[in-house]
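Okay, here's what each chain looks like letter by letter:
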Amino acid sequence: GAVVSQHPSRVICKSGTSVKIECRSLDFQATTMFWYRQFPKQSLMLMATSNEGSKATYEQGVEKDKFLINHASLTLSTLTVTSAHPEDSSFYICSARSQQGNNSPLHFGNGTRLTVT
Amino acid sequence: SQQGEEDPQALSIQEGENATMNCSYKTSINNLQWYRQNSGRGLVHLILIRSNEREKHSGRLRVTLDTSKKSSSLLITASRAADTASYFCATDANDYKLSFGAGTTVTVRA
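Line by line, the protein sequences are chains Y and V.
Residue numbers for the first sequence, in my numbering: 1 to 117.
Residue numbers for the second sequence, in my numbering: 1 to 110.
For the record, the hints were derived by calculation from the structure and aren't laboratory data.
Be aware that one or more of the hints could be misleading.
To be verified - Computed list of lysine to any residue pairs in SDA-like fashion (alpha-carbon distance at most 25 angstroms, straight line):
#, chain 1, residue 1, chain 2, residue 2
1, V, Lys70, Y, Asn103
2, Y, Lys20, V, Ser39
3, Y, Lys14, V, Arg41
4, V, Lys97, Y, Met45
5, V, Lys56, V, Thr77
6, V, Lys97, Y, Thr31
7, V, Lys97, Y, Asp88
8, Y, Lys41, V, Asp83
9, V, Lys69, V, Ala10
Whole structure, please, built from the sequences with the hints as guidance.
Below you can see the structure in the form of structure tokens.
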């Protein structure tokens, strides 16, 4: 089955530093990847849609200069949390579709637990 | 934005019992999907039901969809301890993005 690998699984950083999270599709190509954020015991909130070779599309209220997304190849998207603050601490999850068309499921990475101290 | 509302928020059942959870949504959809999330992990796709389908089965899972009521249900039969997880419905409104519900946390007691 389609596999999405996300790295790192956990990261602790100091306030003011930047953190990069990688999302790779291991056995399929993904022109589009999705980045979600999840607070404890809450649902997933879509942050942005990552498009290979073009700019990401951000959801309302998500700062594009704060959450930098790069989708340089068909198998890799990265999310960089810049100048992280404690309120950025959260669980970040990426996902992608292995098939074209929207009647296909999303495949999720295992998420990255970010803790900003 | 979050579209689905799930009910109940939490469910505790005995192993072997059935678990039912419901999802309601607000706008027209292309399909509705159910996912499972184990604690601290990513989501795993369970089942997708298209807007022109009313019922779908996959192993011990049964999903129904009522587009007139804008609601769906997920039934897990003969539950096992390994079914303990959070379950989310997600709607696809034909814009390639999924909107997730708040989730139902299911605990299966041995």
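Status of each hint after checking the structure:
1. Among the hinted pairs, V/Lys70 with Y/Asn103 is consistent with the structure: their alpha-carbon atoms are about 18 angstroms apart, no more than 25 angstroms.
2. With a C-alpha separation of about 23 angstroms, the suggested pairing of Y/Lys20 with V/Ser39 holds against the 25 angstroms cut-off.
3. Proposed proximity of Y/Lys14 and V/Arg41 is supported: the alpha carbons are some 24 angstroms apart, at most 25 angstroms.
4. Restraint check for V/Lys97 and Y/Met45: satisfied, since their Cα atoms lie roughly 11 angstroms apart, inside the 25 angstroms limit.
5. The straight-line distance between the Cα atoms of V/Lys56 and V/Thr77 is roughly 14 angstroms, inside the 25 angstroms bound, and the hint therefore holds.
6. Of the supplied pair hints, the one linking V/Lys97 and Y/Thr31 holds, its CA atoms being roughly 14 angstroms apart against a limit of 25 angstroms.
7. Note on V/Lys97 and Y/Asp88: the hinted pairing holds, with a Cα-Cα distance of about 23 angstroms set against a maximum of 25 angstroms.
8. Proposed proximity of Y/Lys41 and V/Asp83 is supported: the alpha carbons are some 17 angstroms apart, at most 25 angstroms.
9. Between V/Lys69 and V/Ala10 the CA atoms are separated by roughly 22 angstroms; this keeps the pair inside 25 angstroms, and the hint holds.
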